[in-house]
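Residue numbers (this note's numbering), protein chains in the order written: chain Z, 26 to 151; chain A, 30 to 135.
Worth flagging that the hints you see were computed from the coordinates, not collected in a lab. Don't take each hint at face value.
To be verified - Taking CB as the label site, the calculated pair distances span:
| id | chain 1 | residue 1 | chain 2 | residue 2 | range |
| --- | --- | --- | --- | --- | --- |
| 1 | A | Thr39 | Z | Pro68 | 13 to 23 angstroms |
| 2 | A | Ser105 | Z | Leu36 | 36 to 46 angstroms |
| 3 | A | Thr39 | Z | Ser53 | 22 to 32 angstroms |
| 4 | A | Ser57 | Z | Pro129 | 40 to 50 angstroms |
| 5 | A | Asp86 | Z | Thr100 | 42 to 52 angstroms |
| 6 | Z | Val35 | A | Pro69 | 31 to 41 angstroms |
| 7 | A | Ser105 | Z | Lys84 | 37 to 47 angstroms |
| 8 | A | Gly45 | Z | Ala131 | 32 to 42 angstroms |
| 9 | Z | Arg91 | A | Ser57 | 22 to 32 angstroms |
| 10 | Z | Thr100 | A | Glu46 | 23 to 33 angstroms |
| 11 | Z | Lys70 | A | Asn135 | 16 to 26 angstroms |
| 12 | Z | Ala131 | A | Thr34 | 42 to 52 angstroms |
To be verified - Sample of chain Z residues with no beta-carbon within 12 angstroms of chain A, all distances over it, derived:
| id | residue |
| --- | --- |
| 13 | Thr42 |
| 14 | Ser89 |
| 15 | Ser97 |
| 16 | Gly142 |
Even for Gly, the Cβ is constructed at its ideal location relative to N, Cα and C.
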Amino acid sequence: QVTLKESGPVLVKPTETLTLTCTVSGFSLGNVRMGVAWIRQPPGKALEWLAHIFSNDEKSYTTSLRRRLTISKDTSKSQVVLIVTNMDPVDTATYYCARTKIVPAAGTYYYGMDVWGQGTTVTVSS
Amino acid sequence: EIVVTQSPATLSVSPGERATLSCRASQSVGSNLAWYQQKPGQAPRLLIYGASTRATDIPARFSGSGSGTEFTLTISSLQSGDFAVYYCQQFNKWPPAFGQGTRLEN
């Protein structure tokens, strides 16, 4: 059974750094057909894709937050970590990690986030 | 960066009817588009990837179509559990972006 579980602080103060951990089971972070993404959702708002890490350690970040985000993984621990610096109240959201399935197809690859964690709610307030 | 726009924002449909949701990309994404369903208080669920391939255990009443910049998610014969928010996401050019969602209501 494939599972992902987010962990981290529930409350952070403005300007602080947020560190979130996604612990996965049922698959390996070294599997070339899989990656892990972080997505967030402010209360009552849409999903926002934040960052992704592939099995070869290649990383991708959303343009608007690129300077504040760092994603990394420890394959031996089955963990993916997201660091968000300089937190602000507008960063209050539920943060999800999700497995990205990578499917080869006709000279390209198709992607889909097929297994999600339950999400962890982070509030930014002094 | 590719912008993904969904329409309508809210769609009112009755159980048993067909629902058609639209997703438009600001430039071609080929067939590299996914659809998700999100119910209140839950994480999203992958429905469709590659524009038209159903994910594991997704019922056949969910179908995806389109390519390039115009995509459609069709839910034939709506059931009560289908009322939710639906998001599309392009993966052709990274970083991938979500649309703003379509709320499907009764």
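Each hint, compared with the structure:
Taking the beta carbon of each, Thr39 of chain A and Pro68 of chain Z are about 18 angstroms apart, inside 13 to 23 angstroms as hinted. The supplied range of 36 to 46 angstroms is met by Ser105 of chain A and Leu36 of chain Z, whose beta-carbon atoms lie about 45 angstroms from each other. Hint check: Thr39 of chain A to Ser53 of chain Z, Cβ distance near 41 angstroms, so the stated range 22 to 32 angstroms is violated. Separated by about 20 angstroms at the C-beta atoms, Ser57 of chain A and Pro129 of chain Z break the suggested range of 40 to 50 angstroms.
For Asp86 of chain A and Thr100 of chain Z, the Cβ-Cβ distance of about 28 angstroms falls outside the hinted range of 42 to 52 angstroms, so the restraint is violated. One distance hint, 31 to 41 angstroms for the beta-carbon pair Val35 of chain Z and Pro69 of chain A, is violated here, with the actual separation near 20 angstroms. At roughly 40 angstroms, the beta carbons of Ser105 of chain A and Lys84 of chain Z sit within the given window of 37 to 47 angstroms. Between Gly45 of chain A and Ala131 of chain Z the beta carbon distance is about 37 angstroms. The supplied range of 32 to 42 angstroms therefore holds.
Remark: the range hint 22 to 32 angstroms for Arg91 of chain Z to Ser57 of chain A is upheld by a beta-carbon distance near 24 angstroms. Here the CB-CB span from Thr100 of chain Z to Glu46 of chain A is close to 47 angstroms, at odds with the stated 23 to 33 angstroms. Between Lys70 of chain Z and Asn135 of chain A the Cβ separation comes to about 22 angstroms, which falls inside the hinted range of 16 to 26 angstroms. As the Cβ distance of Ala131 of chain Z to Thr34 of chain A is approximately 26 angstroms, the hint placing it in 42 to 52 angstroms is violated.
Distance to chain A confirms Thr42 of chain Z as a non-interface residue, since its nearest Cβ pair spans about 22 angstroms, more than 12 angstroms. Here Ser89 of chain Z does not stay apart from chain A, with its beta-carbon only about 9 angstroms from theirs, under the 12 angstroms limit. Against chain A, the non-interface label of Ser97 of chain Z holds: every CB pair exceeds 12 angstroms, the least being about 17 angstroms. The claim that Gly142 of chain Z is not at the interface with chain A is violated, since a C-beta of that chain comes within 12 angstroms of its own (minimum 7 angstroms).
Comparing the model with each numbered hint stated earlier shows that hints 3, 4, 5, 6, 10, 12, 14, 16 do not hold.
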